[in-house]
Amino acid sequence: MTVTIEDRSAFTLENFRRIAAGGEDVLIGEQAVAAMAAARATFEQLLESDRTAFIYGTTTRGGDGALQRLTPEEQREMARETEEGRHPGWGFGERYLEPRVVRGIIFARLANYVEGHAKSRPVVAQRIASMLEEPLPEVPLDGQVGAGEVLPLSHVMFGILGSDLREGEPMAVINGSPCAAALAADAALHARNRLDLVTDVLALSIEAFNMPLDAYGADLDSLYGDRRDVAAVRGIRDRLTGVPNQGRRLSPAPASYRIVPRVLAECHRAVDSIEATAETALQSVTDNPVYLLPTPERPLGAAISTGGYHNSEAIPALNALSAAWANVCILVDRQTTKLHDSSLSELPDKLMVPGSAGYGTAVLGFTTTSFAEEARHAAQRTLLPISEGGGYAGQNDVPTPVFLAYDHERRAAECVHGALAILAVSASQALWVTDRQPPPALEPLVELIRRLCPPVKGARGDGDGEGLLAISRHFAAVSLAGAMPAAESDLVTL
Amino acid sequence: MTVVVADRHSLSVDSLQRVAFEYESVELAEVARERITSAHEAFERFASEQPASEETDWRERERRARQLPAGPLAFSGELLPEELSRACVLATLATVVEGHTGAHVEQAEALIALLASPLPQLPSQGPIEQRPEWGQSAGLANAAAVASAMASFASVLSERRFAVAERVFALSVEAFDAPLEAYDLGLAELWGDPHESDALESLSRLLEGGTPATRRRPYQAPVSYRILPRVLGAGRRAVAELREVADGALATAAAEPLFLPPTELSPQGRMLWTGGSHQGLTAPALDAVTATWVDLAAIAYRHIVKLHMGAVSRLPHLLMAPADGSSPAFSTAALAQIAEGFYEELRRLAQPTLLSGGAVTAYPDEDIASPTQLAFRIERRAAKLFDGMLAILAVSSSQALFVTEREAPPALAGLLETVRERCPPVSSRRPLAAECELVAAAFSEAISAGAAWLSR
Chain A
1 MTVTIEDRSA FTLENFRRIA AGGEDVLIGE QAVAAMAAAR ATFEQLLESD RTAFIYGTTT
61 RGGDGALQRL TPEEQREMAR ETEEGRHPGW GFGERYLEPR VVRGIIFARL ANYVEGHAKS
121 RPVVAQRIAS MLEEPLPEVP LDGQVGAGEV LPLSHVMFGI LGSDLREGEP MAVINGSPCA
181 AALAADAALH ARNRLDLVTD VLALSIEAFN MPLDAYGADL DSLYGDRRDV AAVRGIRDRL
241 TGVPNQGRRL SPAPASYRIV PRVLAECHRA VDSIEATAET ALQSVTDNPV YLLPTPERPL
301 GAAISTGGYH NSEAIPALNA LSAAWANVCI LVDRQTTKLH DSSLSELPDK LMVPGSAGYG
361 TAVLGFTTTS FAEEARHAAQ RTLLPISEGG GYAGQNDVPT PVFLAYDHER RAAECVHGAL
421 AILAVSASQA LWVTDRQPPP ALEPLVELIR RLCPPVKGAR GDGDGEGLLA ISRHFAAVSL
481 AGAMPAAESD LVTL
Chain B
1001 MTVVVADRHS LSVDSLQRVA FEYESVELAE VARERITSAH EAFERFASEQ PASEETDWRE
1061 RERRARQLPA GPLAFSGELL PEELSRACVL ATLATVVEGH TGAHVEQAEA LIALLASPLP
1121 QLPSQGPIEQ RPEWGQSAGL ANAAAVASAM ASFASVLSER RFAVAERVFA LSVEAFDAPL
1181 EAYDLGLAEL WGDPHESDAL ESLSRLLEGG TPATRRRPYQ APVSYRILPR VLGAGRRAVA
1241 ELREVADGAL ATAAAEPLFL PPTELSPQGR MLWTGGSHQG LTAPALDAVT ATWVDLAAIA
1301 YRHIVKLHMG AVSRLPHLLM APADGSSPAF STAALAQIAE GFYEELRRLA QPTLLSGGAV
1361 TAYPDEDIAS PTQLAFRIER RAAKLFDGML AILAVSSSQA LFVTEREAPP ALAGLLETVR
1421 ERCPPVSSRR PLAAECELVA AAFSEAISAG AAWLSR
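From first to last, the protein sequence lines stand for chains A and B.
The numbering of the first sequence is this note's numbering, which starts it at 1 and goes up by one.
The numbering of the second sequence is this note's numbering, which starts it at 1001 and goes up by one.
Since the hints were derived computationally from the structure, they do not count as laboratory data.
Glycine residues also receive a C-beta, built at the ideal position from the N, C-alpha and C atoms.
Treat each hint with caution, since some may be false.
[As the list claims (entries may be wrong)] Only some residues are given here: those of chain B computed to face chain A with a beta carbon under 8 Å: (1) ARG1237; (2) ALA1240; (3) GLY1280; (4) VAL1294; (5) LEU1354; (6) PHE1402.
[What the hints assert, rightly or not] Non-contacting residues of chain B with respect to chain A, defined by C-beta distances greater than 12 Å in every case (computed): (7) GLU1044; (8) LEU1079; (9) GLN1107; (10) LEU1119; (11) LEU1272.
[What the hints assert, rightly or not] Listed next, with one range per pair, are the computed distances between beta-carbon atoms: (12) A/GLU30 - B/ALA1413: 52 to 60 Å; (13) A/GLY465 - B/LEU1079: 50 to 58 Å; (14) A/ASP50 - B/HIS1317: 30 to 38 Å; (15) B/MET1001 - A/ASP64: 54 to 62 Å; (16) A/PRO299 - B/GLY1209: 53 to 61 Å; (17) B/SER1025 - A/ASP349: 53 to 61 Å; (18) A/GLY482 - B/ALA1449: 45 to 53 Å; (19) B/THR1361 - A/VAL353: 51 to 59 Å; (20) A/GLN68 - B/ALA1413: 30 to 38 Å; (21) A/ASP349 - B/GLY1450: 57 to 65 Å; (22) A/GLN68 - B/GLY1357: 53 to 61 Å; (23) A/GLY93 - B/GLY1450: 44 to 52 Å; (24) B/LEU1079 - A/GLY458: 57 to 65 Å.
Using the sequences and the hints given, assemble the complete structure.
Here it is in structure tokens:
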């Protein structure tokens, strides 16, 4: 399948999913080709109208070269020099972006082009689109915190910079913020599915703890003043549909169970935010200089220097997501402990078959603490650095740390998968040891958990760690794919 | 003026601003009085008719909640403004006004009557909801209400602080003589973000009438100037989201326990333990505003340094007045050292306030705590430091305009006057830090009082 792009409205999260994760290609439509050709023509007229006017990277060089105007001949020469002057990127390290993210960056890059704001010929956009049909460049995850996104884009666009670019075109290839758009979109692709998974496992834990249902009842919908609180409590309630209302515990329930919907409300807010941020970023034109299309007041348009290359929304949105995942891990840690403490849970001690030896699933609580603590670290906020790195006469004084924020969010999410695996196994054990059934909506989840990590009848076996890892990996896969596997063959295997 | 409270939806950041900051009184609407009275009667019937097993459960828990084993648990620390005490009292009404505490209408009236007299300032450390003077019912000693109040209180101040910040940054743009194209309104459509659009519009309005575009610096300004609309846009989003969260929290009936008055399905009414006392959205929203102050402080710090670097700014090096010769003592350049201290402390404050990691007390049901009060305290500290950073940037900008004999744009003339009244342009040795502190205090005061110039 191919996604046809006519204008910026095609840069949706759904199309990002199709192209980045689904492997579909891009076709630049006729409308877009015409828009780019027209914009290029008027840009060339603008350039010829006054070659002494400041157009960053066109009538001047980049960086500290912005201070000096080039002669017309130097301007033409600079565009031709691009092939010699190009660099395959400076960031390095042992870790690389997933290929789907690189595909996402290539897709996001095209938003600047398709309506003519990149002041480039259609052929440049078509070459960029064709990168999706070829082996992808490797893009290091590390060493990419600089002003704008020149560092990572030099990796991604090295091949394009080697082609016969003309005046005004090179800067449009490596400036702007398509990386932030793609990183936010990649996080968004996973976030809603992961939230569904978190809700599944917490609902299972609630049932395993035999919680009274008041804290998740329909009465609360009208008492909450925030839509995220309502969405969260409904999510839990939906999963608990069909469970018995009688015979549930009466003694005071721990706060970690009662506050589940209110903690999930934070997740809803963070997920809403990353989705909105990604959608906006994908459709944004962020070049510097950016070409403003002709208007009656500006008949030749204008090429202006802006800070569009700095996406300020993606970083806080990723930060908020990391913090939300960390709070989930902390909640999971508390619940795992409580499930195994018979003095609080009113369940068999350590969830063991009475009279059996060992510690049952209780020792898993240690591991949840590890995930919770690591998630806390991952949730530390990514702030704007104030380095003068790449100083260029004081120009580049605020780098963008979006790669860092993305990396942290990714790690926090991995902790969620691990912590959820432990809570899911513990909840499964609690139901099994008390001979209770899971809520109907969660039967497939429990079936999966028990296949990978069967209930414990005596001391734990040697394969527990492998089973937990398999569940954790499965949760990671579900976060991307968004569905539980229909068949055994779909299970993520060790 | 009087704020009339009919139901939970009468409570909002706007109404809280009137009651807490403008000291307006509160009155219960007749419909609210009737509803509270009816719910109280139902509650009394409910309490007397419960079977022993259930009664034991909720009565025991309510009994414990009513007991304050060590009196107020607030410890010490900064005394918070009386406005926050008023905000807490008002926020408590969300649960009372529709009968969810089972309180008698006289208790509700007594609560409202607290607003007629000066209220004690609350200490910032410890769970401040545990105040016996707010009433003996668990529903009245309510952590969720305190969280709502804090979010709302911070929302009011954050919007005002943001207005100061935008003005100071606009003054810096003008002082640096930055090209205006980075603030072109045409960018709004290209970026597609409503908050960035608002930031562009605000900057354009504030810069109107300044040095014309054709006479400004002929090439692009440093990154810290060009990305300003996008960073301000992100800040506007954080501040707007805090208001949205605060509005939602104020309109939430959240108490432990929560009484549901009788309905057709539950003719006796019901008593719920829901976890409602935990406002999950308030701490992250406060954290986001704290991070906004830190990121904006990073930009301000870069501006302060860049304004004084002649090779970058094309302004007189160190912003020294010509008559001062070459002595840096008569420059504002050294103020950046203070800014550095503010900035490093701010970075450390910007970390998220997550859920507590272990059991809160030995009570078996208290195994996790809400971090809202901590988030609130941290935001206040960050805001204070940020005011100091803005003062230094404003003084530096004032100096840049002075040494180049330029005026502020009309919309910023009042701000410049405020700055120069406390810290005139520097052409001799003076206690600059103390004068900057006066400017910071003037900003803080304008924010607390809602000075008229912030809304112009």
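Cross-check of the supplied hints:
Residue-level restraint check for B/ARG1237 holds (minimum Cβ-Cβ distance to chain A is 7 Å; threshold 8 Å). Interface restraint check: B/ALA1240 against chain A, minimum CB-CB distance 12 Å, threshold 8 Å, status violated. Checking B/GLY1280 against chain A: minimum C-beta separation of about 4 Å stays under 8 Å; hint holds. For B/VAL1294, the interface hint holds, the least distance from its beta-carbon to any beta-carbon of chain A being 6 Å, beneath 8 Å.
Given hint, B/LEU1354 at the interface with chain A, holds; its Cβ is 5 Å from that chain's nearest Cβ, closer than 8 Å. A hinted interface residue such as B/PHE1402 counts as satisfied when its beta carbon comes closer than 8 Å to some beta carbon of chain A; here the least separation is about 22 Å, so the hint is violated. At roughly 20 Å, the least C-beta separation between B/GLU1044 and chain A is larger than 12 Å, which holds for a residue marked as non-interface. For B/LEU1079, the requirement that its beta carbon stay farther than 12 Å from each beta carbon of chain A is met, with the minimum near 28 Å.
The claim that B/GLN1107 is not at the interface with chain A holds, since no C-beta of that chain comes within 12 Å of its own (minimum 20 Å). Non-interface call for B/LEU1119 relative to chain A: holds, since the shortest CB-CB distance, roughly 25 Å, exceeds 12 Å. Its beta-carbon lying about 4 Å from the closest one in chain A, B/LEU1272 breaks the requirement of being farther than 12 Å from that chain. Roughly 53 Å separates the CB atoms of A/GLU30 and B/ALA1413, a value that falls within the hinted 52 to 60 Å.
A beta carbon spacing of about 53 Å between A/GLY465 and B/LEU1079 agrees with the range 50 to 58 Å that was offered as a hint. Between A/ASP50 and B/HIS1317, the C-beta spacing of about 32 Å keeps the proposed range 30 to 38 Å intact. In this structure the hint that B/MET1001 and A/ASP64 lie 54 to 62 Å apart at CB holds, the actual value being about 59 Å. Remark: the range hint 53 to 61 Å for A/PRO299 to B/GLY1209 is contradicted by a beta-carbon distance near 27 Å.
Roughly 57 Å separates the CB atoms of B/SER1025 and A/ASP349, a value that falls within the hinted 53 to 61 Å. Judged by the Cβ atoms, the range 45 to 53 Å given for A/GLY482 and B/ALA1449 holds: they are separated by roughly 51 Å. In this structure the supplied range 51 to 59 Å is violated for B/THR1361 paired with A/VAL353, their Cβ-Cβ distance being about 33 Å. Against the hinted window of 30 to 38 Å, the Cβ-Cβ separation of A/GLN68 and B/ALA1413 comes to about 36 Å, which satisfies the hint.
In this structure, A/ASP349 and B/GLY1450 meet the distance hint of 57 to 65 Å, their C-beta atoms being roughly 59 Å apart. Taking the beta carbon of each, A/GLN68 and B/GLY1357 are about 57 Å apart, inside 53 to 61 Å as hinted. The hinted range of 44 to 52 Å is satisfied by A/GLY93 and B/GLY1450, whose Cβ atoms lie roughly 50 Å apart. Distance hint check: the CB atoms of B/LEU1079 and A/GLY458 are about 60 Å apart, consistent with the given range 57 to 65 Å.
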